[in-house]
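Hints are included, so try docking the two chains, each in its own frame, into the full complex.
Quick mapping for you: the protein sequence lines, in order, are chains H and X.
Quick note on this note's numbering: the first sequence kicks off at 2 and runs consecutively.
Quick note on this note's numbering: the second sequence kicks off at 38 and runs consecutively.
Worth flagging that the hints you see were computed from the coordinates, not collected in a lab.
There could be a bad hint or two in this list.
Unchecked claim - Below, computed lysine-lysine pairings styled on BS3-like, alpha-carbon distance capped at 27 Å:
hint, chain 1, residue 1, chain 2, residue 2
1, X, 74, X, 105
2, X, 42, X, 74
3, H, 58, H, 12
4, X, 42, H, 58
5, X, 93, X, 108
6, X, 74, H, 12
7, X, 108, X, 74
8, X, 108, X, 91
9, X, 74, H, 58
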Amino acid sequence: DTGVSQDPRHKITKRGQNVTFRCDPISEHNRLYWYRQTLGQGPEFLTYFQNEAQLEKSRLLSDRFSAERPKGSFSTLEIQRTEQGDSAMYLCASSFAANTGELFFGEGSRLTVL
Amino acid sequence: DQQVKQNSPSLSVQEGRISILNCDYTNSMFDYFLWYKKYPAEGPTFLISISSIKDKNEDGRFTVFLNKSAKHLSLHIVPSQPGDSAVYFCALSGGTSYGKLTFGQGTILTVHP
Numbered sequence: 002d003t004g005v006s007q008d009p010r011h012k013i014t015k016r017g018q019n020v021t022f023r024c025d026p027i028s029e030h031n032r033l034y035w036y037r038q039t040l041g042q043g044p045e046f047l048t049y050f051q052n053e054a055q056l057e058k059s060r061l062l063s064d065r066f067s068a069e070r071p072k073g074s075f076s077t078l079e080i081q082r083t084e085q086g087d088s089a090m091y092l093c094a095s096s097f098a099a100n101t102g103e104l105f106f107g108e109g110s111r112l113t114v115l
Numbered sequence: 038d039q040q041v042k043q044n045s046p047s048l049s050v051q052e053g054r055i056s057i058l059n060c061d062y063t064n065s066m067f068d069y070f071l072w073y074k075k076y077p078a079e080g081p082t083f084l085i086s087i088s089s090i091k092d093k094n095e096d097g098r099f100t101v102f103l104n105k106s107a108k109h110l111s112l113h114i115v116p117s118q119p120g121d122s123a124v125y126f127c128a129l130s131g132g133t134s135y136g137k138l139t140f141g142q143g144t145i146l147t148v149h150p
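For reference, chain X alone in the conformation it holds in the complex (with noise of 0.2 Å):
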């Protein structure tokens, strides 16, 4: 009963592109609605987040979609940086504690040069 899906586990793109991730949920019960990256060796570091009440937030070169509706959330690069090659897991957290998180699998995003 998997209530988060990141359904893509590797995306390519070129520096200078939009990088597109996606995650799709099930539940409704959920509040909030974060991105984490994760580096090789490091713990997820917190990048972005949403509440349920918003469809879109911006910070810099990261913009969070929320779509309600289609139970569905994205994250937008742009423009895309080698640095940005990471891990990145949708995360979503409510109900009694909104440290809970219920993470999706992950999609490993690399941006060549």
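So that you can see chain H by itself, here it is in the shape it has in the complex (with noise of 0.2 Å):
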């Protein structure tokens, strides 16, 4: 399968402790994107790489947010001290830089705060 992969692809933790997902794009494209999406609502950008630079993220990635795109392939996403309004799906995306909107997706990673 070369599509966008996802791990886990559901987390329940306890409200305070620390969460990572990852994510595995497809390997010739050079775009990460996290992408996050509560019941209800079509998905929320949260930041994107280029290789391994992060080149912008939003106002709703706070400090408890970090995403690190180490050797430009695979990706993660740590959120600490969670809180229950954390909880939602964490979609990631991948695509070339050229690209006009056309983004690959992976399944998601559910997060469920307690």
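Okay, structure coming up:
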């Protein structure tokens, strides 16, 4: 399977704990994006990388959130001191740099904070 | 300050008929207008797009219309099939990164056999 893969698919944690999600993009793609989707809403942009450089972060991304893409391949999204409001689906997508919005999304990592 | 709105949370259509999904936006800065489809337990999948210099784009059963003066985007599916039942999101891109999409809230389309 050469699509975007995300791990874990589902994470249940207690408030205050740290969680980390991993995304493996399509190997030829040099751009990687993180989005968050809550119930009844469309995905919201969080941040994106071109190769290993993080080029933009949304103001939705508080200080408790950090994303990395250390070697320009896979990426991690860490949430520290989770809150119940962090419960959402975290979607990763990848694309070529020269794209007009056509992204390839993974199946998502669902976070439930108790 | 919701920039993109899909005012119909759901739409029910008979198989073989036309499905029309609508999307309104407020900001004229967007260059590309896209539709994504999402099945349960899957990520969104790109369906069709249109650039701001066009007013219509067709791909098989799917046609996207753009009315820039009205800031309105629509997706027509004809004929509709039960396999088209999914959540449809409009998404707008532009500015410094075309991958930074602004999505609508989604419309649940149900096509009945």
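Which of the listed hints are not met by the structure? none
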